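Read top to bottom, the protein sequences are chains B and E.
According to the working numbering, the first sequence is numbered sequentially starting from 1.
According to the working numbering, the second sequence is numbered sequentially starting from 1.
There's no promise every hint is true.
[Stated by the list, open to error] Which residues of chain B face chain E? A partial, calculated answer using Cβ under 10 Å:
1. Y48
2. R82
3. G96
[As the list claims (entries may be wrong)] Simulated restraints on C-beta separations:
4. B:R9 x E:T26: 33 to 41 Å
5. E:S79 x B:T55: 41 to 49 Å
6. E:G61 x B:S61: 35 to 43 Å
7. B:H73 x E:R67: 37 to 45 Å
Hints in this document: simulated from the structure, not taken from any laboratory.
Given the structure is predicted, the values throughout are model-derived calculations rather than measurements.
The C-beta atom is built at its ideal place from N, Cα and C for all residues, glycine as well.
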Amino acid sequence: EADIYQTPRYLVIGTGKKITLECSQTMGHDKMYWYQQDPGMELHLIHYSYGVNSTEKGDLSSESTVSRIRTEHFPLTLESARPSHTSQYLCASSEGGLETQYFGPGTRLLVL
Amino acid sequence: GDSVTQMEGPVTLSEEAFLTINCTYTATGYPSLFWYVQYPGEGLQLLLKATKADDKGSNKGFEATYRKETTSFHLEKGSVQVSDSAVYFCALSDPFGGSQGNLIFGKGTKLSVKP
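So here's chain B without its partners, still in its complex pose:
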């Protein structure tokens, strides 16, 4: 079973607040990803990382930022949350670029 964790699982926050969604994995995987999942279920890649100090933008433009200071940790930050950021955010990791991705349970974000 994959060991990838996301906190918080649910977050309700007001417009303009700064938030950080946490993602950690204990598998030593190099590559990590953030996806945004809309209510219609479709997944959009918003950020990924090849390893420490590497961050790349995904297919969907996002106002969020990420950092990768440690292999196991890949937090996502929104400097000023807006209602349009309301969504589910899924973190994933893989051993290499073409390997199976393991997903965390997700964070459901509601911005009022």
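Position chain E relative to chain B; hints supplied.
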């Protein structure tokens, strides 16, 4: 660019019915193909995969065969259970497709199985 098209849902079946969820793909190179499943309130988990033409992936009674000639990877199960109710995603990974080998997902198919 590469893409994945899967049948739209929702799909509603009775328990023990036969399941097929169609998936076709467009790819530049020689992709690996995946089916992921998302149970309610959870993240995605790998259901099965195939890495080359004619490979058959199988798991938990589900199976899918990589058909290069029809660019398809249809998911099948002979007898579904209520516990199979979930959203199913077809995906590909193509190192030569301009997506840096990242997964490209279909839009998902929601399956509901009634007792």
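Verification of the supplied hints:
1. Contact between B:Y48 and chain E, as hinted, is supported at the beta carbon level, the nearest pair being about 6 Å apart and thus within 10 Å.
2. Violation of the interface hint for B:R82 is found here, the shortest Cβ-Cβ separation to chain E being roughly 24 Å, above the 10 Å cut-off.
3. Taken as an interface hint, B:G96 checks out: its beta carbon lies about 8 Å from the nearest beta carbon of chain E, inside 10 Å.
4. Under the hint 33 to 41 Å, the C-beta atoms of B:R9 and E:T26, about 36 Å apart, fit the expected range.
5. Range check, E:S79 to B:T55: about 45 Å between beta-carbon atoms, so the 41 to 49 Å window is met.
6. At about 40 Å, the CB distance of E:G61 to B:S61 agrees with the hint of 35 to 43 Å.
7. Distance hint check: the CB atoms of B:H73 and E:R67 are about 40 Å apart, consistent with the given range 37 to 45 Å.
Figure legend: structure checked against the earlier numbered hints; the only hint not met is number 2.
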